[in-house]
Every structure is written in C-alpha cells, then in structure tokens.
Amino acid sequence: MTFAAAALVLAACTVPHDREVGRIDKASATDAEVAAVYKRYRQVRNAATGLLDPKPLSTIETGPVLAIDTGSFEVSQRLDASQEEDSGKVEILDVQTPRFTRYPLWYFSVVRDVARDVKRVQIFQRASAVDPWLLVSTPETLAATELPQIRTDGQGDARRVRPGDGAGMSMSVDDVASAYARTLGNADAAEAATIEDDSFIQQMRDAAAANSGLKGVKFAQRWSPEKVQYALRTSDGGALAFVTLLRTDTYTVPDGLQITWPDGSPQQAFLQAGIQGTGTLNYYHQVLIYLPGGQGKPRALGQFGGVVSGDAG
Amino acid sequence: MKRATGWASIVLGAVMAVLGLALMVMLGPDSRITTGPHAIETDGSVVVTAPRVITWTGLQIDVLVELPAQKPVFVGLGNTVDVQSLVGKTQRLEITEFGTPWKPTIKKRAGRPVVQGAPTSLDWWYADSAGLGGASISIDLPDEPVSLAVVSVGASNLSGLQVTLAYGIKGGFAKGAGLLLLGIGLVLGGLVLRRSARLDDEDEDQYGDDAGEPGDEDGAVVYLIVDEDGVEHELTAAEVEAGGYEIVEEDASEPDPVPDPTPVPDPPAESAREPAPESASEPAAAGTGGPVVYVFVDEDGIEHEVSEDELGDFEIVDDEEAPEDGRPEDGTPEDGTPEDGGQKR
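Residue numbers (the numbering used here), protein chains in the order written: chain A, 1 to 313; chain B, 1 to 345.
These aren't lab readings, by the way, just hints derived from the structure by calculation. Check each hint, because a few of them may be wrong.
Ranges between beta-carbon positions, derived for each pair [claimed, not checked]: (1) 120/B / 248/A: 38 to 46 Å; (2) 111/B / 248/A: 39 to 47 Å; (3) 138/B / 132/A: 48 to 56 Å; (4) 181/B / 17/A: 32 to 40 Å; (5) 115/A / 174/B: 52 to 60 Å; (6) 127/A / 43/B: 24 to 32 Å; (7) 111/B / 257/A: 33 to 41 Å; (8) 120/B / 205/A: 49 to 57 Å; (9) 224/A / 155/B: 26 to 34 Å; (10) 132/B / 101/A: 29 to 37 Å; (11) 121/B / 90/A: 22 to 30 Å.
Not everything, but these chain B residues come out facing chain A in the computed CB check (under 8 Å) [as the list claims (entries may be wrong)]: (12) 50; (13) 51; (14) 52; (15) 55; (16) 80; (17) 81; (18) 82; (19) 86; (20) 114; (21) 116; (22) 173.
Negatives, chain A to chain B, calculated, CB over 12 Å [what the hints assert, rightly or not]: (23) 36; (24) 101; (25) 104; (26) 192.
Note that the structure is predicted; figures quoted are calculated from it, not measured. Glycine is no exception: its CB is placed at the ideal position from the N, C-alpha and C atoms.
Model the full structure from these sequences, guided by the hints.
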C-alpha cells in the first residue's frame, strides 16, 4: 500500500532532467496554428472579394497563387463582375506538418469546399520567423479523388522528399516537372512515354489544338516548370509533388486579321483590344502530381491555374 | 517476509526522506534557486543562447531582464529554429556555454544591427514579455530545443543590461516536504514491520507451533455453577466435591469434528451448564424417598415450614404433580394464596 502510494506520488511529479539535444528542428505548425491560419486566410480573402481589390491578398498568398488570384481579380474588375465570396462550408480533411531545421517552413492541408464539391490541396509557407503564413500552392481535385496516404515519422510528422531524390520511384520530383512540361509542350517528346496521359494533359492539348486551328494564325505554346519546392513521401514509397508550370501562348496574326475573345473571358480582360500582329498570354498552372512508388508513371491528380498576364504587341 | 519488507521499506523511506530534505534545503520555500542580477556588457540589440545550451526539460525558469533609464526591452523563449531565424543574421552576443549558477561563456557574432521584425508581434514564443526598464518570463522548459533571447525594442540597445535568473521545480518545496513525510512514513512502517516480525519469532520460540490455541493453556478444569439469574460462579474442586453437584462436561475449545453445513441455533446454555441447581443441591429429595418437608406459602409468597403436627390445618398438595405452567391442578391461583391449604415440595 505504502509502495503504491509512493509510486503514485513520484509518478505525479514531473522530474526535471538534462537531456541530449539531438537534431535542432521543429514541426512546421501546430493544429491550433493551422486553424488560425486558415481562419485568417478566409477572412482576408473575403475582405478582398468584398472590395474587389486583390491587394489584401498579398498578406495571405504569394507566388503563382497570388498571381493567379490577382489575375482573376483583375478580370473581374475589368469586366465589372463580382468575385464569389468564400463563405460556404469548408472542412479541413487533413493536415501534415513536416519537420524543418531552418526556415522556410511549410505544411500541407486538404480542405473540402462543399459548395463547389472540390478538394483544395494546399501548401502554406512561412518564409522566415517574422513572416506570416502564406498560401503558395492550391491545386484542386474532384471531391471524389482519392489522395495517396502520406508517410509520417515516429512523431507523426510528414516526411518530405528532396526534389532531386528519385530513389524508389521512376524518376525524381525535379525530373517529373521537366518531363511533364515537355510532354505538355510536345506530345511526341521522348518524355511523353514516361508520363501517364492524364485528363489535364488531354485538356491542355485540346485547348492548344483549338488555338492552332485558328485560320491564318500561328500559334505556339511553351511550358516551363518552376523549381519544385514541395513534395511529400507517400506511404507506398512514392511522392506527392506540387509542380508549378508557366504556360506561354503566343499568337502571331497576319496583317489585316485580329483575334478577339468573347466578353467575360479572362483572355478578353487582359487583351481587350484583341491581338493584331503578335500577342502573348501567360498562365500559371499548379499541378498536383503523384509519383507512385516503384516504376509507376506519374500522373496529375488536380490543378489550379489561370491567366496571369497578357501582352499584345 | 515481514522482515525483508520492513528492511526494504526502511531503506526506501530513508532515501526518499533524504532526497526530500535535500530538495527542501536546496530550493528553499520559494522552490527555486535565484542568481543575479548579473550585468552583461553589450551595446548591441540582441543577447541569445546558442543552440544546445539549454538542455534541461521540466525545469521551471524565471528570467528577469532589466535596462536602465526605462529603456524598452523584450525577453522570450522559443524553439531554436524560430529564434535563430529571428536573430541569426543580427549582430548579437551569443551565450555558447552556461554553468550553474551563473557561468556563461559569451561570444560576439557579427550581423546587421537590429532584428528584422518586432519580436513582440510574433506568435511562436513559448513565453515572452516586453516592458519599459524590464521584462520577465516564467516557464517550465519544454521537451524541445529552445533558446532564450533578449532583444532591445525600437531604436534603443541593451547597454546596462542586467539579468536575474531563477530555476527550480514548480512546487518543489512542497514536493520535497511530501517526499520527506512519505519517507518518514516508510521508515516507521518498516520499523513496525520488523518489530512485528520479531514478536512473531519470540512467540514461536515460547509456545512452539501450537502456541496460542484457545483452551489449551494449562489443561486445568474449571468448575462453574450458574445461579438462578444466569450468572456463572466459579467453584473449586473441593467445593464441587463437598456440594455434591452433578457435573456436566462442556469443552468450549473443542472444535467440531465435522463443521455443520448450516448454522444451527445453540442449545440453551442452562441445559448443559445448569443441571437444575436446586435439585442438584438436594439430590436426596428428588424421588429418593427422603423425609418430606411441608411448607405453607403466605399471601406475600413467603414459604413457612409446617410440622407434621400442624398439617391438620392445611390441605396437602403435592408440588411435583403441578402442571408445567405452574398452575395447581385444582385451579389454585398462581400466586399460591393458601385459601385451600399448603403445598408440598
């Protein structure tokens, strides 16, 4: 009885102790931080939507996401149309917080947009200890799309994949970005055989074919991958990679002809006078690519993109 | 077993008591060791502990930083990754080693003059505080790599900085007292166990294996008589012999050879122990043909002996023939009123 009491008393005490400090690292965020970040994100985004002003977005987004959203706001402003407020019900389905030894920190989250019936697979990043959390990638998948399981370490934190590391996969994440871009740019490229012919590739090829069919117009499309920064290890030894691609559509129109786009389209918003001579439209596409473990072909699970700039020369 | 447990209890209790006492003495009633204020000479804006300098966990620390002239100052404890991101590229004093109570090794690191953001606006500090002329934090060190940073706020610097450090265990004095009391309790419990074991041994030596069995102390026979009020009186063997009592054996200590499966009410004690003392005291009168005594019971129920010469005045009733309920056969009232003569007993 006495021993039991003693054991209980000792167990109740937190005994301070000196410990071996191993790797200096930290999980990128706590659940509470993630919830707070997402709450703030929606508040600011809705404020920007209400004002139809993309400026507040720079406090919650950066990089290609900000460019795409800013483009979208500019389209709305030029077309005098309103943006849809993000006030519907959303569910945070998953949060994965890798560990980092230095900044930038980032985390992965999956949010279900009930109203639009899609999943937003997002990366929020904090560039330094004094910077806020910003959305840097947000490809969307169908709500029914099954995402691969993310592998975690002993502490429950997600494992990252170095972009150049292709161990256990058909290629590295960096190589996937390059091969995917070449495949999009040229269906006959050698890399096309290494990439699954997925619906995103089909959709982009169809759009390119339509533009190429414009009578008398010379159309060229170029795809450029950005350096991959965000990739997580999946439980099958593969990777889930966030690949950002810059698409440049160039139109060369003979004298006497003009290309115009229908009212309300993003292209029309950026190139209101249409194209006479040469004009370009730049798009960003954020593609969520799954590289299966083993020798399976990479394939896109979702994407988010839009016009970010236009130039009619 | 008792002896071994007693020893173990004494040893454990002594160790706990010593530890508890040491904790109380070391920490004092405020449960912490305080050192300072210690001056740190700097004209920079940051003093920080290097990675792996703070290695303890579970320890409560209190840090008070003070600056002269009401200069604004900030003190915070955060994950080393965060703190290094904040101050890693700033000119700073870095505490690269630290020994208790206050033996810091300080190195100067080059960098930009001030941190890039306001430390007060950051959300990742485990504990932080800012104030004019001083600021303090109190926190249990978490099980993570942490660093402590003192940062000047605004355009001021940290010249004249003084640091007071306290470390201890939250509620440590009370925990030490509890440990001491628990230890004392264990020691006392162990002593009681040991004493009990020794007494057991002595009993065994004195009485052997059968010692302590009831009714077997000396094998003596005790004679008891139970009077009319049910009170037992002890008699000597001589009195029993002289009194001519009927002896009924009753051995209370003898166990039942076969235990009853169901409890049975004990028979009336009198039936065994009280062999009708009146008849026992007058064994000759119980149907042995001895002399007959005639008595007359008066109105107060007092018996008076009647001689054979006076019998003519009374009707003779044989008492032994009276029914069990005590009522005479002829309907004489229970009180024995001699309206119709005397009684024979």
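Item checked: C-beta pair residue 127/A, residue 43/B: status relative to the range 24 to 32 Å that was hinted -> holds, 30 Å
Next item on the list: Report holds or violated for the interface hint on residue 50/B, using the least CB-CB distance to chain A and a cut-off of 8 Å.
Entry: Since chain A brings no Cβ nearer than about 10 Å to residue 50/B, farther than 8 Å, the hint is violated.
Check: Against chain A, with CB atoms and a cut of 8 Å, does the hint on residue 81/B hold up?
Finding: This hint holds: residue 81/B lies near chain A, its Cβ roughly 5 Å from the closest one there, short of 8 Å.
Check: Can we keep the residue 80/B interface hint, with Cβ of chain A closer than 8 Å?
Finding: Result: holds, 5 Å to nearest chain A Cβ.
Notebook entry, point to check: Can we keep the residue 51/B interface hint, with Cβ of chain A closer than 8 Å?
Noted result: This hint holds: residue 51/B lies near chain A, its Cβ roughly 5 Å from the closest one there, short of 8 Å.
Notebook entry, point to check: Quick one, is the residue 82/B hint okay against chain A at 8 Å, beta carbons?
Noted result: holds, 5 Å
Next item on the list: Using Cβ atoms only, decide whether residue 114/B comes closer than 8 Å to chain A, and label the hint accordingly.
Entry: It is violated, given that the least Cβ distance between residue 114/B and chain A is near 12 Å, above 8 Å.
Check: Does residue 173/B pass the interface hint, meaning its C-beta sits closer than 8 Å to a C-beta of chain A?
Finding: At about 13 Å, which exceeds the 8 Å cut-off, the nearest Cβ of chain A leaves the hint on residue 173/B violated.
Check: Measuring from beta carbon to beta carbon, are residue 120/B and residue 205/A in 49 to 57 Å?
Finding: holds, 54 Å
Next item on the list: With respect to the beta-carbon atoms only, verify the hint that residue 111/B and residue 248/A lie 39 to 47 Å apart.
Entry: holds, 41 Å
Check: At a threshold of 8 Å, is the proposed contact between residue 55/B and chain A supported by beta-carbon distances?
Finding: Status holds, d = 5 Å.
Next item on the list: Determine whether the Cβ-Cβ distance between residue 138/B and residue 132/A falls within the hinted range of 48 to 56 Å.
Entry: Since the Cβ atoms of residue 138/B and residue 132/A sit about 28 Å apart, the hinted range of 48 to 56 Å is violated.
Hints 3, 4, 7, 9, 12, 20, 22, 23, 24 and 25, counting from the list given before, are not met by this structure.
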